[in-house]
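Colleague: Mind docking chain B on chain A? Use the hints.
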Amino acid sequence: MSERSTAAEKHADGREQNIDALAQRLDRAWEERFTIPPLTESEGVTDAATAYAIQTRWTALRVARGERILGRKIGLTSKAVQEQMGVDEPDYGTLWASRYFPAVNGRAEAPIDLFLQPRVEGEIAFLIGETLDRPGVTPQQVLAVTDALAAAVEIVDSRIDNWRIRLADTIADNASYGGLTLGPWSRSLRKSDLRTVGMVMSHNGRPAVFGVGAAALGHPATAVAWLANKLQSFGIPLRAGDVVISGALAATIPARQGDIFVLEMHGQPPLTLRFV
Amino acid sequence: MKLNAAEQALADVIAEARRNRISMPGRAREWDVDIASAYRIQRHLQTQADCVGYKLGFISPAKQAQMGVQQPIYGRIRRSMLLEGEVRLSDFIQPRLEPEIAVVLRKALPAEAEPGMAAHAVGGYFLGVDVLDSVWMDYCFSAVEVIADNASGGAFLLGNRLLEAPPSGTLRLYLNGVLRCEGPMDALGNVEERLCWLARSVGGLAAGQIVFLGSPGQAVPAEAGVLEVRSADDPLLLAKVA
Chain A
0 MSERSTAAEK
10 HADGREQNID
20 ALAQRLDRAW
30 EERFTIPPLT
40 ESEGVTDAAT
50 AYAIQTRWTA
60 LRVARGERIL
70 GRKIGLTSKA
80 VQEQMGVDEP
90 DYGTLWASRY
100 FPAVNGRAEA
110 PIDLFLQPRV
120 EGEIAFLIGE
130 TLDRPGVTPQ
140 QVLAVTDALA
150 AAVEIVDSRI
160 DNWRIRLADT
170 IADNASYGGL
180 TLGPWSRSLR
190 KSDLRTVGMV
200 MSHNGRPAVF
210 GVGAAALGHP
220 ATAVAWLANK
230 LQSFGIPLRA
240 GDVVISGALA
250 ATIPARQGDI
260 FVLEMHGQPP
270 LTLRFV
Chain B
0 MKLNAAEQAL
10 ADVIAEARRN
20 RISMPGRARE
30 WDVDIASAYR
40 IQRHLQTQAD
50 CVGYKLGFIS
60 PAKQAQMGVQ
70 QPIYGRIRRS
80 MLLEGEVRLS
90 DFIQPRLEPE
100 IAVVLRKALP
110 AEAEPGMAAH
120 AVGGYFLGVD
130 VLDSVWMDYC
140 FSAVEVIADN
150 ASGGAFLLGN
160 RLLEAPPSGT
170 LRLYLNGVLR
180 CEGPMDALGN
190 VEERLCWLAR
200 SVGGLAAGQI
210 VFLGSPGQAV
220 PAEAGVLEVR
230 SADDPLLLAK
240 VA
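Here the protein sequences come in this chain order: A and B. Following numbering that gives the first Met the number 0, the numbering of the first sequence begins with 0 at its first residue and continues without gaps. Following numbering that gives the first Met the number 0, the numbering of the second sequence begins with 0 at its first residue and continues without gaps.
Calculated from the structure, these hints are not laboratory results. One or more of the hints may lead you astray.
Claimed, not checked - Derived lysine-lysine pairs resembling DSS-like cross-links, with alpha carbons at most 30 Å apart:
| hint | chain 1 | residue 1 | chain 2 | residue 2 |
| --- | --- | --- | --- | --- |
| 1 | A | Lys190 | B | Lys106 |
| 2 | B | Lys239 | A | Lys229 |
| 3 | A | Lys190 | A | Lys229 |
| 4 | A | Lys190 | B | Lys239 |
| 5 | B | Lys239 | A | Lys78 |
| 6 | A | Lys229 | B | Lys106 |
| 7 | A | Lys190 | A | Lys78 |
| 8 | A | Lys229 | A | Lys78 |
Pulled out of the complex, with its shape left as it was, chain A reads as follows (with noise of 0.2 Å):
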């Protein structure tokens, strides 16, 4: 064996320690809550390969303890997000099921304590009935193999300092997942346009921020085909029976203990979620 190859071997064995690590001390944060510093500035992780590669190992490292996939969340995909991130295309990470939260009557709860620094934001959840594993998925082809849709408020929350994150920060920490709840599973919704299909999300009584399909990347269905896309050139598919929310329709609002938000999405019933 050459000097040379031993050389790249010890550098791609310590690359492989590093995301290691950086995935366990993204999942202790998250366990034990605590926040920690932004990987870009503390470890120079600047990259997106690296960063899904942080994410991928944590999402193994909570299976292998149980964690079950829901299915997957699209992030960054409104033109002002992006152009703040100073990225032009979004990003995916993993919905963890521990942290769904079941509407029983349109009503869920989740418990404050769990997060770190949580805000909210009103989505469209897609179905997907059909694995798609071809190349070069477009959004009708995803709008064809979804059974249903549903309406969906995501809690965002983030293991870094202060939500002090660039592109590469919010890749390795999940895209900065933090929960989520949904209305139910919709089929007409399947077939209004998802472009011009309104929200309006209420904070403690009072409309609070208004947002449009169009919102995501134009179209939801756009920032599925993304997905399945970016997914399948990691070399994993877009499995039937997986829940993919499809990005914010409208800006973030900060939760605190005892908020209550009231998604409201055209022809859908109304989705309340308090933190307890």
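Modeller: Just chain B, lined up with the frame of chain A:
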């Protein structure tokens, strides 16, 4: 797949015209090529690897009689032919536009499929535009010439509003606010029968494939401006031609 000498001659003329973006006189000579050979040429020219679906042509019995065929014809859609919101005229030789409905399959449809299976395989219907681009001058061609030339299939636009059934009534195409083409949805025939015929003809359709069902009206020459396709109810396909 190897073409014979007659097939190769026709294939070369089409490939050369396409490469140089020029049109060639059609019906100008005998190619000594039959319909089956014309489809072999089409398959040869359109690499199968990135085939994302098919388009149907000559869906009306009148057009079939005029062209001397007993069935519709089909062409292949490659991934790169799917446009997003804009048609660039400079990419084409003599582009024409047809308003269409496209089906996206959510399940595979085997070659021996029956109509019930076709209905089950359909994931949804979308408004579409077939941007035709024949290499044959003024679209004057014989059946074998147009089939070998991918049924004039150049590029495609798709709306992003899913319809669970084909729209009824009239399909209309507007260019710069002027109604340029319209036709009854009835002209598309029975969609399940068409899909089964296509599946039989091409040896089965894959999940995710897109099938453009053919135009209910006459193609119109493309020109720069705003393109709108509408059906009787609310869906809309809006694009820019530049």
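Colleague: Hint by hint, which ones does this structure get wrong, listed from lowest number up?
Modeller: none
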